[in-house]
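**Student:** Going down the list, the protein sequences come from chains A and B. For the first sequence, counting from 1, position 87 maps to 87 in the numbering used here; every step adds exactly one. Count along the second sequence from 1, add 172, and you get the number used in the numbering used here.
Please note: incorrect hints may appear among the correct ones.
Facing chain A, according to a computed beta carbon distance under 7 Å, are these residues of chain B, among others [as the list claims (entries may be wrong)]: (1) Pro232; (2) Glu463; (3) Met464; (4) Thr529; (5) Lys530; (6) Lys578; (7) Leu732; (8) Arg735.
Simulated coverage check for chain B against chain A, where a stretch passes if three residues somewhere in it have a Cβ under 8 Å from a Cβ of chain A [unchecked claim]: (9) 264–275; (10) 396–406; (11) 521–527.
No wet-lab data here; the hints were simulated from the structure. All C-beta atoms in this analysis are idealised placements derived from N, C-alpha and C, irrespective of residue type, glycine included.
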Amino acid sequence: MKRRQAIKQLAITTGGILTLPAWARAWSAQTLPAVENPLLDRNILNAVIGAIIPESPELPGAVSLGVPGFVERILADCYTKEVSDNVKTGLRFADSVARRKHQKSFLDISQQEQQAILVQFEKGDDYAVKDFYRVVKQLTIQGYNNSEFVQTKFLEYEMAPGFYHGCVPVNQ
Amino acid sequence: MSSLKKRKYDVIVIGSGISGGWAAKEFCEKGLKTLVLERGRDVKHVTDYPTAMKNPWDFPHGGQVPLAIKEQNPVISKHYLYTEASKHWAVPDAVHPFVEEKPFTWVRGYHVGGRSLMWARQTQRWSEFDFEGPARDGFSVDWPIRYADIAPWYSHVERFAGISGNKDGIPQLPDGEFLPAFEMSCLEQHFQKSIASRYTDRQLIQGRCAHVTDPQPVHQEQGRAQCQNRNLCVRGCPLGGYFSSNASTLPWAAKTGNMTLRPDSIVHSIIYDEKKGQAKGVRVVDAYTNEMVEYYAKVVFVNAGAFNTNLILLNSTSSRFPNGIGNDSGLLGKYIIWHNYRGRISAKYDQLLDMRTKGKNPNHSYIPRFRNVHRQETDFLRGYAVGFGGGRGFDADTSGIGEALKNNLLHPPLDEWNVSGWMMGEVIPRENNHVRLHESLKDPNGMPQLVISTEWSENEDKMVADFMEQLTEMLTGAGFKDVQARDSHANPGNDIHEMGGARMGNDPKTSVLNKWNQLHACKNVFVTDGACMTSGSTQNPSLTYMAITARAANYAVEELKKRNL
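One chain only, chain B, in its complex shape (with noise of 0.2 Å):
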């Protein structure tokens, strides 16, 4: 065991993901000596994404996961980020076992630089129509920041990140530091025109996504070069070209030399200390002998994913804290939210048909939402947005045998345009949809298990249908023909988009974190990732983790300047 100087940081950071990795860079960049603790193994940029340059016919199953490696991952193995290309990041079944009291697909990346080596990219911005929701449509509590609060953070993050998108001028989607966008399909360009001249509330606008579209000097200063177009993304990209911890954050905080990163590293829970009132580190299993080492700091950031993060502060526990460090509230692990991805469509297109389009696209269009902005107009709360995208593909006729066969297979014609969209649904915080510790279930490092207890409800089942005749009366009315909706009835989880539990709030007897991410109790634990989040909207979070991350974190190394942490 190492010796208590050198188990003494500044600053530990728990997570090595998204918002872990931004954690770090800006304590590091800072100055501050930072622990960063990760439950996985470690993946080095480049050199650790092994199925990064394989062809398809390097695949010795084309790319299907042989069926006993499905069988002995039951839950996992159902997900599309299940491939033979991209399984290995993937947490098997059997390493950390999780109780399902009502179906929930966990999907989690446990490894350096975690699910932001498996995310889709999209980063758009929240409005104050969403910070402003709860309050005014009387759930949850009321977010104690507003927009103008994490703007300027959203602009910092972007910056660094490499941000492809246009200035839309749209109020409930704003604008940011954007690189140049992709360009949009002659079919979007269609459903584009036609949403605008038949409706006053709806675009379809260009989606905004990590990208380096024209790397700038700080995206050359990271080792990143300009996107390729290999959409080949979920497989770690060795040039740098869409943002993840292991392409940006991390290697930027390691250059200060501040950064310590300790891979393979469970932490088990946050130490309390009674008599200065405030958490003086944390205690760490070893993922493989199970040995715990304690690890000390001024402040802890918790960037554990939010389920885990949850799992830890519930783990947290003290004479001061008998249920989980800062859990003064009893709602510590409560208020679980997630999006809703059930609604989805299909359709073809027989016009345009002199058109198609050329090499890949790793971005789609996007409708920001136009249900309930302004006021409220249906009878669910909140809305969606919708994610679209599509092209022409090859289609060839395979009914013949011999050299018929052979010659329709080489000289396929093009098929129609062929296009698909889904929603992104703002799930309503519900007290009952919640995660807590098993009485005595453990996983193989000893921890509790995680018990996730999470339902759609009838606001759910309302904005599908709703989304459903949408869409379909759009595209309908743009030309689309075979225009198919259905409700895929995906359980929660599935999106990979799990928050809340840790919501931050103004009122210590309502919310866990106050307006700095701070535990209300326990000032110098700070909680940035999912689990913060009052309401979830219906953007893709990671660009907001990031934000509130950087925020907090430099909010953190004024107040140590303070001395007030």
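Chain A on its own, in the form it takes in the complex (with noise of 0.2 Å):
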């Protein structure tokens, strides 16, 4: 577990994975449907990212903390290009399952649904597949784990605390 997790950490810290995903060269244009709407890729991107961390009544989820736009702004700006491609390709990968399971688009399925495919492809073998997932869940928890609901509401964040107690009850 703590292997896998160093692993993960490295993988992230030199910009994911390194070599050319293999279902990726397998798969064929006609394989996949063609994006007719460049706002395709965004919105299953936001479906993909509110499936890992959901909206609820109570809590608001990664979309309406606006993980996507970070998620977005990572993926073109600090990764590689190898790295966002195949997340493009994985996203279109998602509806293409969802289409071949469901007969509908991943935006039109459920969102257990959505999460069906997504564990799916965590616990498939297809490196490439498994990577895009790691990239984006990896990436939506940092973002919404740094956002100022989740910082000053849950994780105890303070810019100036004024005080460093070194030994405190964790029950105080």
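Using the hints, put the two standalone chains together into the complex.
**Tutor:** Dropping the structure here:
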């Protein structure tokens, strides 16, 4: 577990995957639906992020906290083209899996169905598909944890605490 | 161009970092008209700290630097200081290129305040063991000063800068003028007790650091407030909670009306007056127009940062000094040193789980050097100090998806205690570790490029191995688990403690500076930054630069009064 996390961290800090995804090569253009709507990728990305950390009546999820914008920005500015291209391909793959399984776009299936597809990606053994989901999930968590809401309401963030106590009971 | 009269001062200080700021303060307080030259842009306290008040969610990339900027800066972007919150302090690779004859990570701060805005704020005094080291162990040359010469100046700078710490009574790490120390964590206290019960030669203490934990009138007069534990020091502190030139010495000097601060002024060379046999001023290149202007003064203090100080001295040629001013010995640029931070260790502790820390700790604890202090006892020379810190973070389970994942993220359990330690080892000065001017390559301002040629030696390798062995034993013996020691093999320079090249000594044949930091061969030029260091010891060097600078500046004032300069 620790080793896996360490490798994950390493992969993230070195900019993600280093090799071309095998399935991207194996897949031809006709097996993937053509992207007519340039917003399709973005809509699917939002749906994936929303499925990872959903909204609930009591607590905002990743989408309403603006995480998709953060994920897009990091992918565009901080990661290599290989990584962001793999995410794009992964989003189209998620859509095509939904169409085969449910005869509907990824956008039109239920959140439970979306999550089932993503978990299947995570547990599968296709490295590129796993890496697509790993990158999006990791960035979603980072963006969510980094949001003002989560930082201030749940993670004890204070810019200037004005103190440091080295030894206090956990329950205090 | 300004008139000749406007270009005449009593003193010129080259550089506005930690040591230059101190020179400016001491001279201006004594009524001397002082010109402070800074090669980079101006940075005003408070208003020019653009990221100081940003929250984590205010950074568009969550703290990461975009790839395109990193690719433009392959050298500096590898350094830990290069984040979205602090990269504006770093010098872009293209601005001041240099030649890495052997790998060297040169971390610079070209702006008013220099690296006093970027430093780690650790301020440990040297002891007699450090000043006696080279003579006792037969390396470098004997220091021309002893602890007694500098002790009152440590006190002088500590009172003004504001140093927090405990009086620990440790001979190899003398006590100073301290403000209250930060607290130690439960775990540091546990490790402290464990070490005390098992070793007679080692202690874990709270580090001494340049944070105002209890502002005294002298700090209030500087406009500085109590440290508020923001831990955002590297962005610049609007409160002046830690010491920097910008918050402390420079505004103090400015208030006297005696300081002229000139940013964007790259010193080309020191002008030598062949008839009078002394320096008469400096040539300055405008950073943007490359126009050259001369400034004149009775005394020149060179505080450009160790390597740039070497560069300026080497570039200051005349018929008297064809190889650089004050370089009769031919040693200028040689015996470069730095600190050995290669040894790293991390560990976990799974007891004391009913306790935690709260708030933020801008400091860490410290193990003073324990190897070879009283006598030579290992197969390597000298020794290392250790920085040590840690705490309990949140550790969310991120394996799931959906509401379960969300709940885990919002209610993360506290992790075990995680600690890390790092060595700070003395690097032995060796002649072949040197800097020199490149014969032909110039930087964009027409200055010769600096060639840096330094490498690790067997003594450092052995010291890293000893650190890994000793700290593993100390942590394991204290009940830590998952103890993992490693050698980072980081480049020299990654420590940002480069020193030497113009070492102090008694003999002009084997050193560049005398005991008052004057060039042996040109007494009105003083060097009081890292370039003056005869040996490096293990302590973070800034406090010693401050003390050496204040001492030399006050000597220069006396000599000026006596008309000896």
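**Student:** None of the hints should be skipped; say for each whether it holds.
**Tutor:** Checked hints:
no.: 1; hint: Pro232; result: 6 Å, holds
no.: 2; hint: Glu463; result: 38 Å, violated
no.: 3; hint: Met464; result: 40 Å, violated
no.: 4; hint: Thr529; result: 5 Å, holds
no.: 5; hint: Lys530; result: 5 Å, holds
no.: 6; hint: Lys578; result: 5 Å, holds
no.: 7; hint: Leu732; result: 44 Å, violated
no.: 8; hint: Arg735; result: 52 Å, violated
no.: 9; hint: 264–275; result: violated (count 0)
no.: 10; hint: 396–406; result: holds (count 4)
no.: 11; hint: 521–527; result: holds (count 3)
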